[in-house]
Amino acid sequence: MAGLAAAFGSGAMTNTIADIETAKVILVTGSNTTENHPVLSAFVKRAIKFRGAKLILIDPRRIKLTEFAHKWLRPNLGTDVAWINGLMHIIIKEGLHDKTFIENRTEGFEELKQKLEKYTPEYVEKITGIPSEDLIETAMLYAENKPASIIYCMGITQHTTGTDNVKSLANLSMLCGNLGMAGGGVNPLRGQNNVQGACDMGGLPDVFTGYQKVADSEIRKRMEEVWGVTDLSEKPGLKVTQMLPEAHEGKIKAMYIIGENPMVSDADLNHAEKSLKHLDFLVVQDIFMTETAVLADVVLPSSCFAEKEGTFSNTERRIQRVRKGVEPPGQVLDDWKIVCRISTLMGHAMDYPSSASIMEEISKVTPSYAGISYDRLENNGIHWPCPNSTHPGTPILHTEKFTRGNGVFHSIDYIPPAEQTDEEYPLYLTTGRLLYQYHTGTMTMKTDGLNERAPECFVEISQEDSGKYALKNGELVDIASRRGQIRAAVNISTKASSGTVFIPFHYGNSPANKLTNSALDPVSGIPEFKVCAVKLLRV
Amino acid sequence: MTTAHKIIINGNELSFAQGETILEVSRKNGIDIPTLCHLKGTIPTGACRICVVEVKGARSLVPSCATPASDNMVVHTESPKVVEARKQILQLMLSSGNHNCAVRLSDGEDWTSFQLKVQAQDSTSELCPVWGDCTLQNLAYKYQVTGEEFPPTETRYPMETVNPFIVRDFSRCIQCGRCVQACNEVQVNNAINLGYRGANSKIVAGVDRPLKDSDCVFCGECVQVCPVGALVEKETRCTVRPWEIKKVRTTCSYCGVGCQIYLHVKDNKVVSVSGVEDVSPNFGSLCVKGRFGFNFINSKERLTTPLIKENGKFKEASWEEALKLVASKFNDIKSKHGGDSLAVLASARITNEENYIIQKFTRGVLKTNNIDHCARL
Ligand code: SF4
Ligand code: SF4
Ligand code: SF4
Ligand code: FES
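Residue numbers (our numbering), protein chains in the order written: chain U, 1 to 539; chain G, 1 to 377.
Keep in mind the hints are simulated off the structure, nothing from the lab.
Check each hint, because a few of them may be wrong.
Chain G side only, calculated, beta carbon under 10 Å to chain U, not exhaustive [said to hold, decoys possible]:
id : residue
1  : T77
2  : Q187
3  : S280
Backbone N, C-alpha and C fix where the C-beta goes; we use that ideal spot for every residue, glycine too.
Construct all of the structure, not just a fragment, from the sequences and the given hints.
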């Protein structure tokens with residue numbers, strides 16, 4: 001997100017889901033779309049199968065979408081900047097870049113061009129393992145078909161170079177003038193239902209709602225007026241990846257964790273547990289007794305999505321209604337009601353008659369949500385920005401100009417992943433999600449059928465590697481990294497590429513994140529979930 | 001300017017756009033033509049022929065779903081010839097297979113022996129699982145036909161129940177092919193197809209395997225589009241009837257696509273989920289999590305009361321007790337160590353309104369910007 005915001009001025013998906021079906025070429029990278037965003041993947045597959053679009057797939061694993069790909073490249077893990085630079089090198093050499101677009105709407109092109117000099121197909125092949133002819137063909141396929149849509153997910157962002165990866169994809173899209181038009185754009189897919197909304201609503205350390213900076217005194221003044229408070233802090237707060245270390249050092253004394261389970265989702269679990277145990281006071285508010293809730297001093301039961309009114313903002317910035325279908329169990333309350341009551345007990349009275357009235361306040365303090373109200377969302381969601389009550393919403397961003405004015409080309413060099421394989425840890429590990437499970441499994445694992453389809457943790461390994469380590473399908477094996485060790489069943493699969501194993505991260509009893517590296521992207525603060533070095537130990 | 005195209009349907013002069021089918025023009029103008037195999041957004045197959053209409057000058061009846069409207073065409077959608085044809089199609093469908101709803105009117109022994117046979121094959125004494133939610137049943141009522149006109153045909157393939165989600169009941173399949181189109185043209189999962197020929201025809205997964213051993217990903221699109229009781233959800237089969245449920249529209253709470261769903265609620269319990277047709281972003285489609293992953297809502301493991309830890313053990317507490325404790329601890333820590341010694345994690349799982357309130361509380365009351373959520377993870 002930080003990467004896209006730096007390039008365009010907004011970190012959100014530039015185009016809509018439906019619009020993918022109108023692309024001429026679709027480049028998918030770091031997204032196992034059919035498993036993680038299944039319904040969106042249908043738009044991609046239909047574009048390929050029925051509308052003559054071309055699919056460029058760049059992913060080390062033989063995921064389902066490879067069956068639809070015209071070009072499938074399998075780069076070494078963590079070498080994204082290199083292949084993207086390589087594509088751009090070729091496109092410029094061939095003169096296929098969109099000179100008018102670059103001239104009129106962007107800045108930083110000359111520096112980029114210089115930076116790209118050395119990324120010849122041969123040089124890129126050395127880093128990525130992608131044969132130079134393949135890279136050239138891919139570059140031509142991308143540049144010669146317009147509009148081109150780029151779709152990515154956590155396979156791009158969950159690296160120490162995640163922000164660089166995203167900026168590079170933004171470069172590639174701008175280079176061929178694919179922004180601000182139907183069927184084009186740079187489209188990050190949000191993993192969880194309301195990531196977009198949590199960000200939009202200021203669930204981030206440096207911004208209020210609608211990405212308004214806490215450092216901006218005008219904005220703080222506005223919030224203070226509407227909220228009836230004084231002295232809002234101008235200092236950006238801690239990111240989640242900084243909170244835990246600071247808790248460990250005793251600087252953070254108490255945490256209030258709502259609907260999150262960092263005990264399974266954090267990058268370095270061993271450390272997360274120690275940090276949370278170090279707190280003087282931990283409050284966890286959730287629908288289940290999660291691994292994190294177990295550590296809490298107070299646990300507060302909250303309602304789930306089917307029990308409340310509200311809105312979610314989906315990956316394409318569409319604000320949609322959530323409606324109450326059933327009464328919650330026991331004494332369960334809506335999250336917002338619990339927070340309001342705590343606030344009131346702390347001496348600052350907070351109360352609302354309904355979630356609709358909260359949305360009224362949101363629209364007052366948030367320019368991009370200013371035109372949103374429940375009656376407008378009755379039948380169909382609206383894409384933000386929606387600046388006033390008659391505005392139809394904005395399906396495609398950056399049509400006339402970028403949110404920040406000009407689009408910025410960032411000149412970026414390839415940096416290898418934080419951790420490399422060596423004699424002791426000879427295999428790369430990458431983590432991800434499965435179709436039948438979700439996140440840390442607290443919800444999906446309550447449906448027996450889903451568990452029947454995806455019952456337990458496994459380590460996916462290529463035929464070749466299984467031979468090398470003399471492993472049989474289904475056999476249990478220990479996987480160890482410099483940080484920890486877990487046990488999982490061997491799954492010999494044609495999906496895996498040799499030298500790299502894959503483990504899904506849903507399973508609390510074999511948490512893949514015990515192994516992963518908490519080295520952070522310096523800008524986004526996202527840990528390197530997608531690459532670390534491991535070894536396999538026979539049980 | 002192009003001249004407007006005109007077609008005459010049931011005596012009404014109607015305009016249409018080039019490429020529109022007779023069915024589309026009719027429906028747009030409120031003229032109802034029944035369909036079974038037609039599936040919006042896919043290539044018409046003309047498989048069921050229930051949508052036939054009479055076109056002046058044409059030698060035989062034409063399927064309206066697959067026939068483009070043309071200038072000055074004169075169409076009748078409910079002429080005696082059309083009605084006769086539809087009746088016969090329906091009678092044939094009703095006589096082949098276990099259509100044991102009230103439309104198979106019959107008295108006495110005939111019905112009893114039929115019903116006993118069906119019950120044995122269904123392994124339940126209930127009537128057809130989709131009673132009240134079946135296009136074939138509706139049409140049989142509308143055209144006043146029963147299944148007795150033709151001798152019953154034998155059930156060729158046993159029911160398939162060996163997967164967690166979907167029951168495939170071949171005895172009720174009318175071979176309309178909608179499921180095949182849904183799977184191949186809408187979801188593009190390419191798991192099922194028309195197999196075998198003639199009287200042996202069957203919808204097959206791969207080389208006629210159970211769904212669980214095929215490319216099926218249990219999106220359930222096929223179940224949603226099946227017009228009869230041939231594909232039904234296992235969990236609610238015969239236990240939840242369409243008239244018992246209330247449908248509430250909301251947004252899926254799993255991934256960021258934000259599919260529009262209906263919660264099907266019976267006795268304050270979500271018993272199934274379906275996709276909302278014709279609206280963005282999903283136009284009726286769902287995936288296995290959205291369609292079948294709802295059991296957590298009603299799970300016994302839900303937290304139902306506030307808990308306070310004492311000597312390492314949780315004990316149940318009242319809201320008042322728990323919230324007072326939280327408020328006083330937060331106040332203490334804030335006054336002793338400052339707001340920045342507190343940190344809050346909001347959530348990508350909860351609503352916008354809730355995230356808003358949480359950040360307002362964190363910034364305005366706790367007086368810190370230490371707020372984030374785990375989605376970067
Ligand atoms: S559930 Fe989905 S994938 Fe499986 S057969 Fe039906 S439509 Fe195809
Ligand atoms: S299973 Fe249903 S949708 Fe598929 S062909 Fe049979 S009746 Fe039609
Ligand atoms: S139904 Fe599937 S694709 Fe749609 S929002 Fe839910 S999880 Fe995502
Ligand atoms: S609906 Fe037209 S042929 Fe089946």
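Given G/T77 was flagged as interface, is its beta-carbon under 10 Å from a beta-carbon of chain U? Status violated, d = 30 Å.
How about G/Q187: closest beta carbon in chain U under 10 Å, or not? This hint holds: G/Q187 lies near chain U, its Cβ roughly 5 Å from the closest one there, short of 10 Å.
Let's test the interface hint: is any C-beta of chain U closer than 10 Å to that of G/S280? holds, 6 Å
Going through the hint list in order, the structure does not satisfy hint 1, though it satisfies all others.
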